[in-house]
Amino acid sequence: DAGITQSPRHKVTETGTPVTLRCHQTENHRYMYWYRQDPGHGLRLIHYSYGVKDTDKGEVSDGYSVSRSKTEDFLLTLESATSSQTSVYFCATKTGTNTEAFFGQGTRLTVV
Amino acid sequence: RKEVEQDPGPFNVPEGATVAFNCTYSNSASQSFFWYRQDCRKEPKLLMSVYSSGNEDGRFTAQLNRASQYISLLIRDSKLSDSATYLCVVNTNAGKSTFGDGTTLTVKP
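Top line first, the protein sequences correspond to chains A and B.
Under my numbering, the residue at position 14 of the first sequence is numbered 16, and the numbers go up by one with no gaps.
Under my numbering, the residue at position 107 of the second sequence is numbered 405, and the numbers go up by one with no gaps.
Hint data in this document are derived by calculation from the structure and do not stem from the laboratory.
One or more of the hints may lead you astray.
Unchecked claim - Estimated spans, in silico, between C-beta atoms of each pair:
1) A:GLU81 with B:PRO407: 31 to 39 Å
2) B:PRO407 with A:GLY5: 32 to 40 Å
3) B:ASN353 with A:GLU29: 20 to 28 Å
4) A:THR73 with B:SER351: 30 to 38 Å
C-beta: ideal position from N, C-alpha, C; glycine also.
With these hints in hand, go ahead and build the complete structure from the sequences.
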């Protein structure tokens with residue numbers, strides 16, 4: 003399996019605070035993704051990156067920003083956390099556009 | 299309309315049954331397709347790729363119909379251990395990977 007590490011694994015935060023989730027990979031994969039997973043919605047794409055400093059929005063990007071300053075790290079920031087952002091967040095990586103995705107173990111975020 | 303749509307189920311079947319899942323996609327420029335398996339509270343893991351000619355891996359068969367824009371997964375001789383959520387994934391050339399909402403399968407003794 004690709005070495006994908008998400009941190010933190012669990013977090014409880016208050017409404018209105020900024021939160022940053024980190025995804026770190028050791029496989030030099032070009033593509034990186036952030037998804038959120040909620041009951042009844044499956045995995046929804048937040049943002050993705052196709053290279054260092056190259057990112058694009060997914061279907062649920064409002065309220066989130068990302069940064070990728072080096073190949074191995076993809077950061078997801080909730081600028082001002084809201085209760086609707088309580089979710090499980092998964093990071094994924096791919097070597098190419100048509101290859102399989104490898105996932106991190108997920109971050110469970112609770113906004114109170 | 300969602301880009302990728304799956305029958306959410308749930309599917310409850312006895313051991314030994316054959317079960318089929320379908321997934322439709324809206325972007326005709328989609329390039330590659332996969333089925334993933336997700337166990338409760340775990341990350342999704344690749345089950346198999348889906349090729350135009352159809353492909354088989356043991357009890358699992360995946361098929362792609364580009365003209366009708368759907369993919370399917372057939373599980374034969376279901377085992378208790380097949381109980382999970384099955385997700386279809388559609389990739390575009392731009393690198394975007396879109397998941398269906400998943401189909402939940404429960405195999406009962």
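A quick look at each hint next to the structure:
Judged by the Cβ atoms, the range 31 to 39 Å given for A:GLU81 and B:PRO407 is violated: they are separated by roughly 49 Å. A hinted range of 32 to 40 Å holds for the C-beta pair B:PRO407 and A:GLY5, which are about 38 Å apart. For the pair B:ASN353 and A:GLU29, the beta carbons lie near 25 Å from each other, so the given range of 20 to 28 Å is met. Checked against the hint of 30 to 38 Å, the pair A:THR73 and B:SER351 passes, with Cβ atoms roughly 35 Å apart.
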